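Colleague: Residue strings, one per chain:
Number of protein chains: 2
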Amino acid sequence: MEKSIRVLRVGQRYVRDDRTLTHLCLVSRALGAESIYLEDAEKDVVGTLEEVNRTWGGEFKAVLGLSWKKVIQEAKKEGRKVVHLTMYGVPIQEAVGELRKEGKLLLVVGGPKVPGKVYHEADYNVSVTSQPHSEIAALAIVLHEIQSGEELKRAFQKSRLRILPSARGKRVVEN
Amino acid sequence: MEKSIRVLRVGQRYVRDDRTLTHLCLVSRALGAESIYLEDAEKDVVGTLEEVNRTWGGEFKAVLGLSWKKVIQEAKKEGRKVVHLTMYGVPIQEAVGELRKEGKLLLVVGGPKVPGKVYHEADYNVSVTSQPHSEIAALAIVLHEIQSGEELKRAFQKSRLRILPSARGKRVVEN
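Taken in order, these protein sequences are the chains called A and B.
Whatever position you read off the first sequence (first residue = 1), add 9 for the working numbering.
Whatever position you read off the second sequence (first residue = 1), add 9 for the working numbering.
Where hints are given, some of them may not hold.
Identical chains share a label here; the pair holds if one copy fits it or two copies do between them.
[Claimed, not checked] In silico BS3-like links for lysine-lysine, alpha-carbon gap of 30 Å or less:
1. Lys122 / Lys52
2. Lys167 / Lys52
3. Lys167 / Lys85
4. Lys162 / Lys122
5. Lys70 / Lys85
6. Lys52 / Lys110
7. Lys70 / Lys167
8. Lys162 / Lys110
9. Lys52 / Lys79
10. Lys90 / Lys113
11. Lys162 / Lys78
Think of the hints as simulated: they come from the structure by calculation, not from any bench.
Just so we're clear, the structure is a prediction, and the values are computed from it rather than from any experiment.
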């Protein structure tokens, strides 16, 4: 089943962390999500994403200007299941069977401070181990599990460059 | 099969990026690696890791003071397979069958600039998609795939705190 997966990042950060944000966006794109919802203040990353699309293909989008409450509300209205990633949640390996049956998902990725309300608004709170690590890694594993690894085989349309996988060295061709 | 997996980060960075380094360490620990090799200049993260071990258990270690060449050389001497993660490599889903048979592995994670020699010294160059994204996400997926998801079920010994996974909210107990 072709899935529609979107990502939302929630949580006030005390220090701007552009690198983590960029990683979250690029992981969402590379591993099969169609868009990510960002806060207005994070619009710097939009240019980076457009450049990545131009070079490497696909139509991944950053969506700006909506509050997290609005995004979750709209998702629910259209029958999109809301999955919040948190180390306190139910193990992904236990929830994934149900999640694989869903066609439309919103993955909510927390920063250091996630409002308590997110835990209650979410249809699922899932964890990738109950150990502290990285929201980037957690997002990657959840995207990978929900899509049963199929996302790794996906081709990106209309790219300028394309890598030919190789056992040694770097092979890149222009399309 | 219980595996011995170690991680090495290679590649000069022009800007120090402590956040990415911390994520790489914590992901290595949470997803079943036993240690990570760091450059001497990165020793600030050692205190963080000791604190995480004390609170959340386990014996994950940061090893300082060895050049990447030395680490790879020593790994090969003890029959440890060297797996370099790069977007130019062979898809992980094609290499994973062989990698699962190995008991001892060294995963090499590149920063922005990886010396060409690493591609040649590695036993495997593997990619997690041929798209640009995040070394943190790539490391997570490779650890997850090599261990067939078993790493998610692992318990960390001697922790001070432990999370009780729950569908809503946060439940933490003291051991």
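Colleague: Compare the structure with each hint and give your call.
Modeller: Each hint, compared with the structure:
Taking the closest pair of Cα atoms, Lys122 and Lys52 come within 30 Å of each other both inside a single copy (20 Å) and across two copies (27 Å). In this assembly of identical chains, Lys167 and Lys52 lie within 30 Å of each other by CA distance solely inside one copy; the values are 24 Å within and 43 Å between copies. In this assembly of identical chains, Lys167 and Lys85 lie within 30 Å of each other by CA distance neither inside one copy nor across copies; the values are 32 Å within and 41 Å between. Taking identical chains as interchangeable, the C-alpha atoms of Lys162 and Lys122 lie at most 30 Å apart only when they sit on different chains, with a minimum of 26 Å there against 34 Å within one chain.
Proximity of Lys70 and Lys85 under a CA criterion of 30 Å is satisfied intra-copy only: 20 Å inside one chain copy versus 43 Å between copies. Taking CA atoms no more than 30 Å apart as the test, Lys52 paired with Lys110 passes in neither setting, with 33 Å inside one copy and 45 Å between copies. In the homo-oligomer, the alpha carbons of Lys70 and Lys167 lie at most 30 Å apart inside one protomer (15 Å), although the nearest pairing across protomers, at 44 Å, exceeds that limit. Taking the closest pair of Cα atoms, Lys162 and Lys110 come within 30 Å of each other both inside a single copy (20 Å) and across two copies (23 Å).
With identical chains, the CA atoms of Lys52 and Lys79 are at most 30 Å apart within one copy only, with a shortest distance of 18 Å there and 43 Å across copies. Taking the shortest alpha-carbon separations for Lys90 and Lys113, only the intra-copy value of 6 Å comes in at or below 30 Å, while the best inter-copy value is 40 Å. In this assembly of identical chains, Lys162 and Lys78 lie within 30 Å of each other by CA distance neither inside one copy nor across copies; the values are 33 Å within and 33 Å between.
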